[in-house]
Amino acid sequence: MPNFVMSYLGSTVTPGEAGNQFWALIYVLIIFTGVSVAVIAMNWIERKALAHFQVRLGPMRVGPHGLLQPFADALKLMLKEDIIPAAADQFVFWVAPLIGLLAAFTVYTVIPFGPSQAVSDMNIGILFMLGVSSLGVLGIVVAGWASNSHYPLIGALRSSAQMVSYEVAMGLAVVSAVLMTSMNEKGTGTLSMIGIVQAQQQQGVWFIFKFFPLGFIAFVIFSIAMIAETNRAPFDMAEAESELTAGYHTEYSGLRWSLFMLAEYAAMIAVSSIAVTLWLGGWMRPFANLLHAPAWDFIFSLFPGLTFGSLAAIAFVGVTRMPAHSFFKIQRIGLAVFAALLGFIALLLLAIAIVGRSADASLAARFNEGIDYVYWFVLKVAVFMYLFIWYRATWPRYRFDQLMRIGWKVLLPISLGVLVVTAIVGVIVS
Amino acid sequence: MPQNYVPIFLFLAVVGILIPITLLVARIIRTQSPNRVKLMPYECGIDPYDNARGRYTVRYYIIAILFVVFDVETIFLFPWAVKFKALGVFGLIEMLVFLGILIVGYIWIWKKGALEWV
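First to last, the sequence lines map onto chains U and G. Numbered by my numbering, the letters in the first sequence go through residues 88 to 517 in order. Numbered by my numbering, the letters in the second sequence go through residues -12 to 105 in order.
Read the hints as simulated data drawn from the structure, not as lab findings. Values in this document were obtained by computation on a predicted structure and should not be read as measured data. Zero decoy hints are in this set.
Below 25 Å or equal to it, Euclidean Cα-Cα: the simulated BS3-like pairs (lysine-lysine) are: (1) Lys167/U <-> Lys25/G; (2) Lys496/U <-> Lys99/G; (3) Lys135/U <-> Lys163/U; (4) Lys98/G <-> Lys496/U; (5) Lys416/U <-> Lys135/U; (6) Lys273/U <-> Lys70/G; (7) Lys163/U <-> Lys25/G.
From just these sequences and the hints, can you work out the full model?
Below you can see the structure in the form of structure tokens.
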């Protein structure tokens, strides 16, 4: 093994910090693949969950319980004809989804899955995230303009107005969280994503509970603004299908359309990650400061394995509940294989948890630690992803004037007020 | 720490290479038979009668201007938030003056009806 491969393995900083571009590239590829897989999984879960909210079954035919549906969709989109309207600006039309994707994915450079489980950690991390994620609006505007059609143009205008409106409230909510990071002995806060989580670790409190209810209000403002930022229901004015057919991507078809979908879901995961990092303690497990004995560490490190174990158990129950007719034989076998795969991952994770505990400071222990960090981070983000689906199933769409009123006349004054009160409380406390 | 910024370009490169490759593969395997009707802008079945890039309401422009004002304000708050405790009461009062000016402007645009959307 070359030196630059091995030298990073024992390191406790991110590859970007260590200047090791090889491992940075590995991390980038892992994150890119992971996000893409998460989007595919999200596609299935969303359709399934929405169906169950509406007392339907959802996809059931392609694979057991429709598990292969996203792959069938991907194949369909690949084979579909790609239409670029004659009146469209060809080059801009081509480049628009790419801008959206680059904006949505570049954000993942600084997302801290763990103290060293991030591609890079900049001292302006949160500013970088806000800046790059707001570049996504550029892709939407450009797509709507290039299409040279009425619906996409109106969708793009609406979407850009909505995104910039909610970004103001979002930014102010972020400032009040950054303010909380400076409540230490040195009196200096941080904008680095890893630093923000470490500040919560040192202060022994997730910022959502800090100065209760101030942190909580800021968090709620952020979580409302992030739904509007990503154009999701109930704020999905940009693609209101009853008014604008599909909004800014009306003229897009085939794989090019799916790039917009990928960008939207990647952006959803990214903003959820910001919320988790700023207010929900990032990679920290619950009660990290109350229950910090080694025994508790061990119990919490069993969670990843147990999660996959219970998923495997659910899948096995699904196998037994499938119809006994021979027509379903291949589906039963498929689901059983899937369950076995989940069970195997569960056993692997449990084994790592047990081995990593006995051998201290070894590679296994570091690996175990890393899995814990990533697990808790991803679990928190997954809760947000489920909430996105739940909102979509529960709430009707807002009207556009209502949407702007909420952004400018409700969220902005509240977030300003929270910021000022947080600052005053902070000065009084210190 | 300039080395921290290099992975951004790695990420850009990975996305910027993999996605066009996917598009290229799709281009090779899919069918392509455009005709005049297919290439018309979509308008629920009726023929489009004018160019889409016409006029639209000025409200969007006002929102964009307001956004610039408030977003720059937010950016100004970041350095103060980082140094918040070190700056103490002095910094707080300074920031309250700064925010006060902006809030006066905010109340003015509210009264002027720039935030109404009708």
